[in-house]
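S.K.: Sequence:
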Amino acid sequence: ERRQELGIFACDDFDLFMRARTYVGRHHLKGAVWTNAFPQAPVGVSKDGTAGNAELFMHFWDAVKQKGRHNHFEWTVKSDPDAVVIPSRIQQHLSAHNAHTPQFITNCNAFPGDPDFPMVYGAVEVFSREAMQKYYAMGWRCKSMDWHPLGEDVYMKRCMQQIGVAPVYDANMVGDGKCTYANCAEAFRASFHPFKSIWAWLHCWDQAHG
Numbered sequence: 002e003r004r005q006e007l008g009i010f011a012c013d014d015f016d017l018f019m020r021a022r023t024y025v026g027r028h029h030l031k032g033a034v035w036t037n038a039f040p041q042a043p044v045g046v047s048k049d050g051t052a053g054n055a056e057l058f059m060h061f062w063d064a065v066k067q068k069g070r071h072n073h074f075e076w077t078v079k080s081d082p083d084a085v086v087i088p089s090r091i092q093q094h095l096s097a098h099n100a101h102t103p104q105f106i107t108n109c110n111a112f113p114g115d116p117d118f119p120m121v122y123g124a125v126e127v128f129s130r131e132a133m134q135k136y137y138a139m140g141w142r143c144k145s146m147d148w149h150p151l152g153e154d155v156y157m158k159r160c161m162q163q164i165g166v167a168p169v170y171d172a173n174m175v176g177d178g179k180c181t182y183a184n185c186a187e188a189f190r191a192s193f194h195p196f197k198s199i200w201a202w203l204h205c206w207d208q209a210h211g
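Counting from 2, one number per residue, gives the positions in the sequence shown under the numbering used here.
Where hints are given, some of them may not hold.
[Stated by the list, open to error] Restricting the straight-line Cα-Cα distance to at most 25 Å, the calculated cross-link-like pairs of lysine-lysine (PhoX-like) are:
{"#": "1", "residue 1": "Lys179", "residue 2": "Lys66"}
{"#": "2", "residue 1": "Lys31", "residue 2": "Lys48"}
{"#": "3", "residue 1": "Lys31", "residue 2": "Lys135"}
{"#": "4", "residue 1": "Lys31", "residue 2": "Lys66"}
{"#": "5", "residue 1": "Lys66", "residue 2": "Lys144"}
{"#": "6", "residue 1": "Lys48", "residue 2": "Lys144"}
{"#": "7", "residue 1": "Lys144", "residue 2": "Lys68"}
{"#": "8", "residue 1": "Lys31", "residue 2": "Lys68"}
{"#": "9", "residue 1": "Lys66", "residue 2": "Lys135"}
For the record, the hints were derived by calculation from the structure and aren't laboratory data.
Since this is a predicted model, take the numbers as computed values, not measurements.
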């Protein structure tokens, strides 16, 4: 992905985060690319049977704050490595939304009767600059909730709503196999998930641009 500068490497800017600082390679605009290390945390099992990783991602978002790059762009997109992200399509989707208000994108409504839905499925999470700034100013309040049984995506959705950030539903922001799977050839989707091997990731990218 990095060698071909696809996915997040085609965004206006990007950062990589993992448990240790690691050299990734060179980018034609940024030069040397290193991952950013951030403190780890125990990961259990959430109430939904997914990774109970809320605390881990609290540390992740703290690391994003330290970099400060979110202040320079209207939108921040967090994506998992196995998500095929197409930045130009994400920009098209976001052009329909007001970037100058605190809001975040929900991307799955698999269980309409569940109070947590529409939900942010964590493979691709999108927040406006004002949402990020509000989270960094007021997000400490969310630590009073019982976050231990939550996955990070449920935690962030509940936290954002608790501090007054509005959810906006976009069913086509991501075609996620864990929600309602989308064919990579569907041109109206802005991203796809999950594609865990290099071959599968690149095959999906090729289908999306075929």
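S.K.: Tell me, which hint numbers fail for this structure?
M.R.: 1, 2, 3
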